[in-house]
Every structure is written in structure tokens, then in C-alpha cells.
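Chemist: Please construct the entire structure, taking both the sequences and the accompanying hints into account.
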Amino acid sequence: MQDRPTAVELLTSVREFLEHDVLPGLEGRKRFHGLVAANVLAIVARELAGEETALVGEWQRLRDLLGVDETVPPGRLDGLRTAIDALTRRLCERIRAGDADAGPFGDAVRAHLRMTVVEKLRVANPRFLGNAT
Amino acid sequence: MPVGVDGLRRLPGGASREIWLFTVARDGAAPERLVLRRDPPGHVIESSRKLEFELLRAAEAAGVPVPRVRWCGGDDPVLGASFFIMDFVEGETIGRKILRDPELVRARAVLPEQLADAAARLHTINAGAVGLRMPEGEGPGAAELARYADVLRSIAPDPHPALELAIRWLGARLPPPRTPTLVHGDYRMGNVIVGPQGLRAVLDWELAHAGDPMEDLGWLCVRSWRFGADTEPVGGLCARERLFAAYERAAGVAVDPAVVRWWEVFGNFKWAVICIMQAQTFLNGVKNVELAALGRRIVEMELELLDLMEAP
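Protein chains in written order, with the numbering used here: chain A, 1 to 133; chain B, 1001 to 1312.
Where hints are given, some of them may not hold.
Under the rule of at most 35 Å between Cα atoms (straight-line distance), these lysine-lysine pairs were calculated in the DSBU-like manner [claimed, not checked]: (1) K1050/B to K30/A; (2) K1287/B to K1050/B; (3) K1050/B to K120/A; (4) K1287/B to K30/A; (5) K30/A to K1097/B; (6) K1097/B to K120/A; (7) K1097/B to K1050/B; (8) K120/A to K30/A; (9) K1097/B to K1287/B.
Keep in mind that the hints were calculated from the coordinates and are not lab data.
Modeler: Written as C-alpha cells, this is what we have:
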């Protein structure tokens, strides 16, 4: 375990340096890219803060949706990502086959996708959610 | 004759093309401000600057406000990439500012009608005459859907179930085939120059193709081009009904709101696929933070698609 400041605290510090000390001196294309860069740092900070919880939740929803016979999610973050990727590819095959066009499975798929997309937006662009959160 | 080039600087925006502003001074003539539009290295969106040059010429002839084009360099090795040169047009291009700048209050009042009129005019351009291939067989909607679905499945590094769901939804509700017209392909806030009196120029013709003219109206309604002004669906400017009525007056053809809605849903799908393409350009080695950040915008269109597909 690293010493303080945490990764999120360090990222926040760099973002504030960009916003307060660098961006006011930039213009045109450099300024635009500076704003994008500061926003990217904010995204990464939000992602780090809640990543494991979000990944476990997404894995559990996919497991229930696709009827996978496993109770314990992979223990490591990279294992979770690999498992979610594989399950989501299976879900895509079901959708392409028309299984989610209507009926209870379609409703469950849409509910899962909405929850996943909203969670991802809480990281990528919380303002986009407006009052929908 | 001595010619001086001065003040060369790269303009912001243009994630897929470079745009450079410069001034040319010739003996005995007033200095002219010109713009060079050029392919950057490593881009994935294939299009031709020569075609864009020809389109801008045809658009001017059709009465669409556009920058006058001056010279097309083709694949001139002097600049290492395809490029053309056009007049600089003064005005605002940033959507957020067009929607909020107090000096553009008059412009905002007339923009919906001006955008409808310019769209109607550009839809009269003979797409075949400028070298665009007419879609064959099943109609423009099916052709565009198949094209972007193929791109998604061939380049996306991650699975996208919400986009797969959108492909199913769109495939089951294809708009009826109609005679193809020229379609701008990127007709939206952010790709127009606006002055105090309103629309000054329609830019970024690189995605132009032959297809369904309703595609341009649907694209103009895509949520991303409202720049936060979400209560006004058409580019953050007005209600859909006002755009449709103005277009019907200008073009003399009826607008079917259900068809425009299909193209709005398709537009969100297409914009998600374009974001994937742009992020892929970054992953392929083009070091550009703007391209990288677009990879995290895909999910915005996915939420909008889920909302639109569930709307009555």
C-alpha cells in the first residue's frame, strides 16, 4: 500500500494545477486540448474511486442475466474485466440472434444495459445524466 | 509576382482533419485570410479532399452558404497529404457559444429557418454529378446501417450490447426507400459558422454521400449537438416541429416525423461508432488526447439510444 497522497488525491492535484496555472495561459487548440486533458484526469479519478464495486455489480448482473452457474466473482480486477468482457460478448451474440427483441429476456437486457450505462456515465460524464441519476 | 504567407496557425476542432489559418499578401492586392484543410497522418475516416472541394463548389452554386474554395492540391507531395484551400469566414463555430453568446441572440432567432433552407438547397445538388455513388438495392437506411454495423464489428475493441440492440431496433424499422439525394452527412451545430445575422457557412462536407435527405434532419436532432440545451431538440435551438415546418416550406416536400426519428436514432448509433473509430486512431498510435477522450463518450450515445428505443 502506497503512502498518502492516494492516486485520486494526486490526480486531483494535477488536474487543479492544469486548471488554475496552465489553462489560463493557453489559447486556441492548445487550450482546447488542455481542457480535454483536465477532464480526462477527472474521469480517471472517478473511475479509481469506485471501480471494484462497479465491476462486481456488472459481473453479478451478467451472471444472473445469462444464467451462469458461479457464485463468487473473480478476485482480481483484471480477472473481473476479462470475465465481464467474455460475458458481454455472449450477451451480444444473444442480442444479434434476436433473443432480446421482446419478452422478459429483452426487458432484463434493457434493465441491465441501462444500469451499466448509467454507472459508466457516473464516471465518464455525470453531467450527461442530468436528473436521471 | 512576390507572394507572402504570414500568420500560419492551426485552428482548434477538426479531430479528423487539420485546419490551418494563414494570410496571403500579394503585390498590389489587399491581404487575404485563407484556410487550408488537410488530412492528418494516421486518420481512419477515409474521404477525399478533392471530392470535398467539388462539393463546396456545387453547394455555392445551389445557394448554400459555404466558404468559397480557391485551390485543390490533390495528393500534392509538397504538403505530404491531400488538402485544399478556401476563404476564411469570420464567425462563431463553437456550438456552446452559438447557443449562449448574448451577441448572437438575433442569430438564434433565425437559425432554425436558415438551417432548414440550407438543408433543402443542399438536397437539390446532383450527387451523381459530383462523383458520389448512388446506394443500390434495399434503400439508404439499410445501406447506412449495414455500413456502420460492419465498422463497429470490425474495429471495436470492446463488446457493445447497447449498440447491438440499436442495430436490431433500426433493422426492424427501416424507413421506406426513396429517391436518393445528396446528404451532407455531418449537418449540425459545430459544423456551421454563425454571425450576428445567423448562418454564414456550412462546413465539414467530408461525410457527404447519396442517401435519404431526412438523414440530415435526424442528425441535427442528435442530443450531442444540443450542447447541454436539452429542452430544444434541434441543435439546442428549437422544437422538431419548427424545423420540419421550415424544411417543408423550403423544400416543398412533406417531412415524416417517424422517418426523421429513425435517422435520429441511427445518428446516435453512428456517432457512437465514429467515437469508437476516433479512439481506435488513438490506440493505433496517434497521440492526441481529444481522440483518446472520445472513447469515453460512446456511453453517452448508448444511454440516449436506450431512451429513444423505449420512447413511445
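Chemist: Quick one: which hint numbers does this structure break? Sort them smallest to largest.
Modeler: As far as the earlier hints go, only 3 is violated by this structure.
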